[in-house]
Amino acid sequence: MIEYVNSNSPLHRLDPRSKIIFVLCIMAAAILTSSYIMLSFLIIVSAIVWIIADVPIKKFKPVFLVLLVFVLMGMLTQAVFYTDRPDYTGSKTVLFNIMPYNVPVIGSLPVTVEGLKYGLVFSMRMVAVLLAPMIVPLTTHPSDMILVLRSMRFPEWMILLLTMSIRFIPLTFQNFNTIRNAQKLRKIKTGYKDLIPLMETLLITSLKTSKQMALSLETKAFGYSSKRTSLKTIKFGKNDVIFSLFSFIVLGIVLLNTGAAYG
Amino acid sequence: MVKFDFTKRDIAMMAAFLALMMVAEAIWILGSVFAPFGIGIYYGAVLIIAAIVIGKRYTILTLGIAKTIIMLLIPDTYGGSLAAICYLIGAIVLESALYLSEPYAENLKTDLLGILGYGIIYWGVYAAILTMVYGMALPQWAIIIGFVVYPGSFLLGGFLGYKLGNKVKNVIESV
Amino acid sequence: MCGLDISKLEIPELATHVGMVFQNPEVQLFSVTVEDEVAFIAENLNYSVEKIKKCLDFSLDAVGIDDLRERYPFELSGGEKQRVAIASAISVKPEILVLDEPTSELDSKGTEMVLEVVHQLNQAGMTIILAEHHLDEVTPHLDRLIVMDNGRIIADDTPHNIFKNRVFDNIGLRPPQTVEIGLKLGATRLPLSVNDTLKILKNFPAKSLPLENVEQMIRNQGQKIVEIKDLYFNHHDKKVLNSVNLSINKGEMVGLLGPNGSGKTTLALLLVGLLKPDHGLVRVNNLDPQRDRGKLLQKIGFLFQNPEHQLFCDSVYSELVYGLEGEAGFVVDEIIQIMGLEKFKNKHPLTLSRGERQRVATATALVKKPEVLVIDEPTTGQDWYHVRSFMNMVRKLNQEGVTIILITHDMRVAAEYCQRLVVMKDGSILLDGDTRTVFSEIELLSEAGLKPAPLTEICIKKGIKPPFLKLNEIDVESYR
Numbered sequence: 030m031i032e033y034v035n036s037n038s039p040l041h042r043l044d045p046r047s048k049i050i051f052v053l054c055i056m057a058a059a060i061l062t063s064s065y066i067m068l069s070f071l072i073i074v075s076a077i078v079w080i081i082a083d084v085p086i087k088k089f090k091p092v093f094l095v096l097l098v099f100v101l102m103g104m105l106t107q108a109v110f111y112t113d114r115p116d117y118t119g120s121k122t123v124l125f126n127i128m129p130y131n132v133p134v135i136g137s138l139p140v141t142v143e144g145l146k147y148g149l150v151f152s153m154r155m156v157a158v159l160l161a162p163m164i165v166p167l168t169t170h171p172s173d174m175i176l177v178l179r180s181m182r183f184p185e186w187m188i189l190l191l192t193m194s195i196r197f198i199p200l201t202f203q204n205f206n207t208i209r210n211a212q213k214l215r216k217i218k219t220g221y222k223d224l225i226p227l228m229e230t231l232l233i234t235s236l237k238t239s240k241q242m243a244l245s246l247e248t249k250a251f252g253y254s255s256k257r258t259s260l261k262t263i264k265f266g267k268n269d270v271i272f273s274l275f276s277f278i279v280l281g282i283v284l285l286n287t288g289a290a291y292g
Numbered sequence: 010m011v012k013f014d015f016t017k018r019d020i021a022m023m024a025a026f027l028a029l030m031m032v033a034e035a036i037w038i039l040g041s042v043f044a045p046f047g048i049g050i051y052y053g054a055v056l057i058i059a060a061i062v063i064g065k066r067y068t069i070l071t072l073g074i075a076k077t078i079i080m081l082l083i084p085d086t087y088g089g090s091l092a093a094i095c096y097l098i099g100a101i102v103l104e105s106a107l108y109l110s111e112p113y114a115e116n117l118k119t120d121l122l123g124i125l126g127y128g129i130i131y132w133g134v135y136a137a138i139l140t141m142v143y144g145m146a147l148p149q150w151a152i153i154i155g156f157v158v159y160p161g162s163f164l165l166g167g168f169l170g171y172k173l174g175n176k177v178k179n180v181i182e183s184v
Numbered sequence: 094m095c096g097l098d099i100s101k102l103e104i105p106e107l108a109t110h111v112g113m114v115f116q117n118p119e120v121q122l123f124s125v126t127v128e129d130e131v132a133f134i135a136e137n138l139n140y141s142v143e144k145i146k147k148c149l150d151f152s153l154d155a156v157g158i159d160d161l162r163e164r165y166p167f168e169l170s171g172g173e174k175q176r177v178a179i180a181s182a183i184s185v186k187p188e189i190l191v192l193d194e195p196t197s198e199l200d201s202k203g204t205e206m207v208l209e210v211v212h213q214l215n216q217a218g219m220t221i222i223l224a225e226h227h228l229d230e231v232t233p234h235l236d237r238l239i240v241m242d243n244g245r246i247i248a249d250d251t252p253h254n255i256f257k258n259r260v261f262d263n264i265g266l267r268p269p270q271t272v273e274i275g276l277k278l279g280a281t282r283l284p285l286s287v288n289d290t291l292k293i294l295k296n297f298p299a300k301s302l303p304l305e306n307v308e309q310m311i312r313n314q315g316q317k318i319v320e321i322k323d324l325y326f327n328h329h330d331k332k333v334l335n336s337v338n339l340s341i342n343k344g345e346m347v348g349l350l351g352p353n354g355s356g357k358t359t360l361a362l363l364l365v366g367l368l369k370p371d372h373g374l375v376r377v378n379n380l381d382p383q384r385d386r387g388k389l390l391q392k393i394g395f396l397f398q399n400p401e402h403q404l405f406c407d408s409v410y411s412e413l414v415y416g417l418e419g420e421a422g423f424v425v426d427e428i429i430q431i432m433g434l435e436k437f438k439n440k441h442p443l444t445l446s447r448g449e450r451q452r453v454a455t456a457t458a459l460v461k462k463p464e465v466l467v468i469d470e471p472t473t474g475q476d477w478y479h480v481r482s483f484m485n486m487v488r489k490l491n492q493e494g495v496t497i498i499l500i501t502h503d504m505r506v507a508a509e510y511c512q513r514l515v516v517m518k519d520g521s522i523l524l525d526g527d528t529r530t531v532f533s534e535i536e537l538l539s540e541a542g543l544k545p546a547p548l549t550e551i552c553i554k555k556g557i558k559p560p561f562l563k564l565n566e567i568d569v570e571s572y573r
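Same order as they appear, the protein sequences are chains H, G and V. 30 is the number of the first residue of the first sequence in our numbering; add one for each residue after it. 10 is the number of the first residue of the second sequence in our numbering; add one for each residue after it. 94 is the number of the first residue of the third sequence in our numbering; add one for each residue after it.
Here chain H stands alone, though its shape is the one from the complex:
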């Protein structure tokens, strides 16, 4: 899972809202452009921000592995499907067919040069679109994210719902493992069928905990007044303005170069 990594990097100190602006700019740019160069530029910018964020890349090896698999799959599917699009009018240079003969509905799945080229663009776009947003949860403490919601005037009860759900996740995983273990101890071969009673017990234990939590909430004056103050606040400072400007410049560079470049 992608979760907060504690550090004191410049990125950690930014207002989460400026990081969200960065993400939105990178995503918009990646969607609008189809140029190799511009997409590489976006990936490099994201990578630099990752490095500044000072998160142990090693820890996210599985995330990158999944990413790699998806990139390869993206390339392969596009290599096959791109030229099959009904609106495709360009040339079609078939390298080889995946299927030895023409299978009904699916066809012979030819891998084309044009498709491979497009697959590369598509995969780069996906990498840019995935790499940038991960920075927000990695460098923003959940409690600061809550403050963003508060600054957007979300109702307090919904904010409470979100914090409590984050708090519930480790508990749910723990309960799931214990119940699963209990089943394995009682039955030699557990199968899909055992998942239903497992879920039932998981639900009941979780909901019982909720009931107790609600009682505890009562004693903590939640809902006492419609207004609620907040100990911590977020401020959009000078660095945030600079970082947001930087984000817009990146978007601008990409937009200016999109019309002229490939695609």
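Hints should not be assumed to be uniformly reliable.
As the list claims (entries may be wrong) - Beta-carbon label-pair distances, calculated as ranges:
id, chain 1, residue 1, chain 2, residue 2, range
1, H, 88, V, 521, 21 to 31 Å
2, V, 381, H, 206, 18 to 28 Å
3, H, 131, V, 422, 58 to 68 Å
4, V, 381, H, 94, 27 to 37 Å
5, G, 161, V, 150, 52 to 62 Å
6, G, 183, V, 188, 36 to 46 Å
7, V, 335, G, 33, 34 to 44 Å
8, H, 183, V, 526, 32 to 42 Å
9, V, 144, H, 38, 51 to 61 Å
Simulated from the structure, these hints should not be mistaken for lab results. Glycine residues also receive a C-beta, built at the ideal position from the N, C-alpha and C atoms.
Chain H is already provided as a structure; the job is to place chains G and V on it using the hints.
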């Protein structure tokens, strides 16, 4: 204007359901061909159970909004953060169906209809984001398979959820 | 209360007057940092930021958890979590703090930390109302004791008078062990703490227990049923078990002690093959839990700490049948009868009371007629009556030949029921021997954050060797 009328207990229970939905993300990491099927059944079930157990209008909508906010922060492996929208639009469809049933979510037919709608919209929006926004080329047959797998698994999940939900509700109320 | 009419007030408005701490720390923490958690009530009350900061500083300081400020509440240890819960409850400086069994889910160290804080708050002038089953640790601090039964207050007096009048005798509660010693010795002034007892005992000569009165330690020389050699286990690069060597003979009743996180539960899960050792050998009944899990499951039963987690069927009956192969009806009926579950046969297990659920969970383990039974903290949060009836049943099983491995934090249970104790610390075995010998090692025990039951502690401090484990070992005549 939509008026939310949740007690602290409802909020605590919805938090538990949200956590249960987020645990499902673990299924994706297994990354098998069956993952979409498993996700569909699981989500379908959790949604319907939540609707039955909490049993108040806008339960599904609230969960949809909350889930969307969380997914906006955690990019989906395919579809990025934008894919979060499919949870919101799906929730609106299911909520509209359940809104018509009285008491909330107690009618099997509307539940199933709603969750079927959820499944269709979920995949529809997802596929639209993939093809139109990201420019992914998907052959028609793949899109059609999606329209069978997702609504189908959500429907199955919804049916399971209806059975489990009523049982769980009885147990929870008796303790 | 506080001059206020409660019926006219909403619960939220009471928060400034009464702080509330519940049994389970898990259910009282809502936020993602300790700081937010402690500021929660003040924020709800719409205080100004300045005032919230003051409340926060006061609370963190009063409870002594300033260093935890930035942490995730759910990553903390049980004792830390409960202290955060207390900090949160007292943040708006209520006059009264109500605690509902705040230590029942904690290990000895956590209990000590929490009670220390509560005592300090009391010294600072806060009224404390504490609901408790286990009185050994708290009694010295009490001003007043109220005993309830069936929804009625049956006694309300100083602890001394209540114990003196033997109010506890008929309602399934147990006075602190020091009081029991005092009663037994016929002391005029009942001792409420270990030190009190030592003072009283000054007048009595230190007498060793005549050896013939000590029931001979029956160290079963029978066949080995559990064998662990040079066992290592890591979880996420963290060493959980470190070179563990242990062998248990058939028919033994072994207590597994140690603070939370010392690896007790991990060891138990390795025994049943739910975890895979990184290195070393585990054999149960000459079976490898990894390779022969199927066969092993017929021989070993496992009771989880929370019985809720091992019940997943719609009725008690189907619960017992779950996982059984072939003809099972006869055995199931027999177990239902033995465990006294006839009334609940068709009820949903999760709707039963805690004690009943525990009985159902135990029954599910017994239907296989196991040779080994592993029990993880069965007595948490229960009163003495329930603890005793459960433990007596376990003892009976043991006498019938079932090997028992009992993980527990309750030193009195360990002293009174186990023949042998294994103490774990940081993933290794610190002590392993018969109960009396292990409890004599008071210094090594304290290294593991453990303290023997008051009776044993008193004996050791008084120089009585070997120390007593049970009240009935005190030979009253020899003191007269």
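Now for the hints, and whether the structure bears them out:
For residue 88/H paired with residue 521/V, a C-beta distance near 28 Å keeps the hint of 21 to 31 Å intact. Taking 18 to 28 Å as the suggested C-beta distance range, the pair residue 381/V and residue 206/H conforms, at roughly 23 Å. A hinted range of 58 to 68 Å holds for the C-beta pair residue 131/H and residue 422/V, which are about 60 Å apart. In this structure the hint that residue 381/V and residue 94/H lie 27 to 37 Å apart at CB holds, the actual value being about 33 Å.
One distance hint, 52 to 62 Å for the beta-carbon pair residue 161/G and residue 150/V, holds here, with the actual separation near 57 Å. For the hinted restraint 36 to 46 Å between residue 183/G and residue 188/V, the CB-CB distance of approximately 37 Å keeps it satisfied. The beta-carbon spacing between residue 335/V and residue 33/G, approximately 36 Å, falls within the hinted interval of 34 to 44 Å. The beta-carbon spacing between residue 183/H and residue 526/V, approximately 60 Å, falls outside the hinted interval of 32 to 42 Å.
Residue 144/V and residue 38/H have their C-beta atoms about 33 Å apart, which leaves the hinted 51 to 61 Å range violated.
In this structure, the earlier hints numbered 8, 9 are contradicted, and the remaining ones agree with it.
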